[in-house]
Each structure stands twice: as C-alpha cells, then as structure tokens.
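Residue strings, one per chain:
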Amino acid sequence: MAITRADVARLASEYAARHPREILRLALENVDNIAISFSGADDIVLIDMASRIRKGVQVFSLDTGRLHPETYKFLELVRDRYDIRFEAMFPDHAAVEKLVREKGLYSFFVDGHHECCGIRKVMPLRRKLATLDAWITGQRRDQSPGTRLAIEVIEEDKSFGTAEKPLLKFNPLAHWTSAQVWEYIRDYEVPYNELHARGYVSIGCEPCTRAVLPNQHERAGRWWWEEETKKECGLHAGNRGKP
Amino acid sequence: MHITFVKKIKADGSPCRKCAEVEQRLRESGQLERIDTVAIADERDPESAGMLLAAKHGIDVAPFFIVRNDDGAERIYTIYFQFAKEVLNRRLSEQDEAKELLSRDPSLDLL
Chain A
134 MAITRADVAR LASEYAARHP REILRLALEN VDNIAISFSG ADDIVLIDMA SRIRKGVQVF
194 SLDTGRLHPE TYKFLELVRD RYDIRFEAMF PDHAAVEKLV REKGLYSFFV DGHHECCGIR
254 KVMPLRRKLA TLDAWITGQR RDQSPGTRLA IEVIEEDKSF GTAEKPLLKF NPLAHWTSAQ
314 VWEYIRDYEV PYNELHARGY VSIGCEPCTR AVLPNQHERA GRWWWEEETK KECGLHAGNR
374 GKP
Chain B
73 MHITFVKKIK ADGSPCRKCA EVEQRLRESG QLERIDTVAI ADERDPESAG MLLAAKHGID
133 VAPFFIVRND DGAERIYTIY FQFAKEVLNR RLSEQDEAKE LLSRDPSLDL L
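From first to last, the protein sequence lines stand for chains A and B. To convert a position in the first sequence, counted from 1, into my numbering, add 133. To convert a position in the second sequence, counted from 1, into my numbering, add 72.
Here chain A stands alone, though its shape is the one from the complex:
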C-alpha cells in the first residue's frame, strides 16, 4: 500500500476540495486491496467514476435481507452493467435467528435500530473490512448535519482498523452536495434506484426507510421514530463546563 496512516492528514488537506474523481484515482492507484461500499442508492456515482478509472474494481453491498425489492433489482442491474467484482455480504444467520426468535421481526421499533443494524450491517461490514487495507464510501457531510459534518475525504478508520492492522477510509463525495451528485447522475446517464423517483432520498432497509417531503432533510427518512434516543449519549456542549 503506497498510502499509509502518516499520509492521511496531509492528503486529506490536499484533496479536501478536489473532484471526487481525483480522490478515487488517488485511492485506486495507490491501494491495491481496496473496495467500494455500495448501498444501492445515489452512491452509484462512485461506481460509475471508478469504472472509468479502472476495470474490475471491488464493490460490496450489505444485504441485510430486509432491503426493498427495488434495491435488489438495482444491485443486479449495477452488477450487470459495470465491469466490477461485486460481492454481497450477508449477516450471520445464527445471530439473526436468535434476534428474531427473542424479539421478533420489528424489534427496532421498540428497542431502537442499533441491535438489528449491528447484526445485519455492522458485523458483516466488519468481516469484510478485516480483509481490506482501505474502503471507499459515499458518505457526504450534507447527509446528516448532526453526525457527518466532521467527515474528511480521506481518514484513518479508527472504528474498524486497529493499531496492528490500520484501515484507510476514502469519502470522495464528502464535500459534494446531493445536488452535485444528481447533476452527475443526469450528465452521465447513470442508472439509479427507482425509489429515488418516489421521494426516497436515503435508502436503507425497507422497514426503516421512508420517502421524505420536498425540502425535508433526508435524515427524516431514516429511524424517524427514535430521534431523541439517538442523542442520548451526547454531552451537550452548551451545558458543558469550560476547561
């Protein structure tokens, strides 16, 4: 791997305002063992851009078993259309069976989404990331003002990497807006998930995703019933003492 942890801060600053294509090129040309994480939504632009840089890029999606039928169709369309190495990551069946046996199929409406997402998304993601030196995501700052304002175009992933096996994370779209992403989709005639045409902005699992109204933030379309509990762990700055 030509890019190491020591390069991250410098490159993040150097590439902070560069076109996503340049960030992708940097990633794909300097890290061999790298993959794009594809959610089946507007992060399709990453696959389109990457395919114009290199053939056979590794792409993976987290198949939770609860995605919309439209998303499955879209994943298959993308797999057919682009010259990529596509892989679907599935949850551990024993963990899903235990969750459903003990709490049913809709426990997230009662207990919050972390347990279900932990099993269906984070565990398979962790398994996949353990095999990589770097991953590429479609995360953007404008997706969630509350939680994504701090993301950089290049980061060291401290959640999934370790001191012994560091992991780099490229977020080429970090500084792009939703409008820029859709301008790219139109300009390059990139296929998109048909749910977008029905008011879905952020697309996740079927029970936990809903369409949003015009001018409503995309965050409102995910886990709308638990906004308050999500904030529970924060120590709110306004109340915090000064050093």
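Check before you lean on any hint, since a few could be wrong.
Only pairs whose alpha carbons sit at most 30 Å apart, straight line, appear in this in silico DSS-like list of lysine-lysine [claimed, not checked]:
no. : chain 1 : residue 1 : chain 2 : residue 2
1   : A       : K261      : B       : K90
2   : B       : K79       : B       : K128
3   : A       : K298      : B       : K90
4   : A       : K236      : B       : K128
5   : B       : K90       : A       : K291
6   : B       : K79       : A       : K261
7   : A       : K231      : B       : K90
8   : B       : K128      : A       : K231
9   : B       : K157      : B       : K128
10  : B       : K128      : A       : K188
Calculated from the structure, these hints are not laboratory results.
Fit chain B to the given chain A structure using the hints.
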C-alpha cells in the same frame, strides 16, 4: 492504575440509559470494583465533576473512562468494549461490539 468512570445525568434529571447499561455490565461481570472513582456528568450543572472532566479531555459523549497509569499517563476510552478488552482483559460478544460501534461512530448512522 486508577480508573475513573464518568456517567451522565441528562438535562431532565434522568439517568443516561447507556451509562446504566455499561454499569450493569460491569456489575454483572464482577468488575465494578475495578472502578476507583465514579464521576457524574450532570448536564444541569456544568461544574459537576464529570462535566469538568469531559471538558478537560474534550469528550462529548458519555459514558467514558479515564485510565491513569502509575507513571501518570492517561488514556481515555469512549468505546466500552475497547476499555473492557484493553484494561479489564474481557471481550464482549461480537454482537455487543457491533452495537457499541454503531452507537459511538456517528458516521455509521446511514449505512
């Protein structure tokens, strides 16, 4: 080694659910006694011990742990399973670790 456990009281006076959950795990595993000091971060009181510690160390989530070694060096843990693994030599289940990662890494919220 000296371990400080900082837990939160919310602005409405109720205890933080996550803090209670972590405390319960420590109790059930018999490791609550490894905690030397419990500091309360009371959101209603910026001068409470926990709020001052959070400000001092630039931490904006609770619960968290401050581990001071005998040489005076301090390490902060905001992710419980990392604290449990590195300090208490105890591993959580993969499932619990995944759940914890989600609650502590806000960038994962729209996976």
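Status of the hints after comparison with the structure:
For the hint linking K261/A to K90/B, the alpha-carbon distance of about 28 Å falls within 30 Å, and the restraint holds. For a cut-off of 30 Å, the pair hint linking K79/B to K128/B stands: about 15 Å separates their Cα positions. Proximity of K298/A to K90/B is assessed by CA-CA distance (about 29 Å); at most 30 Å being required, the pair is judged to hold. Proximity of K236/A to K128/B is assessed by CA-CA distance (about 41 Å); at most 30 Å being required, the pair is judged violated.
Among the hinted pairs, K90/B with K291/A is consistent with the structure: their alpha-carbon atoms are about 21 Å apart, no more than 30 Å. The hinted pair formed by K79/B and K261/A fails the criterion: a straight-line CA distance of about 34 Å is larger than 30 Å. Between the alpha carbons of K231/A and K90/B the distance comes to roughly 23 Å, so the proposed pair stays at or under 30 Å and holds. A threshold of 30 Å between alpha carbons decides the hint, and for K128/B with K231/A the separation of about 42 Å lies outside it, so the pair is violated.
For a cut-off of 30 Å, the pair hint linking K157/B to K128/B stands: about 25 Å separates their Cα positions. Of the pairs offered as hints, the one joining K128/B and K188/A is violated, with about 50 Å between alpha carbons and a cut-off of 30 Å exceeded.
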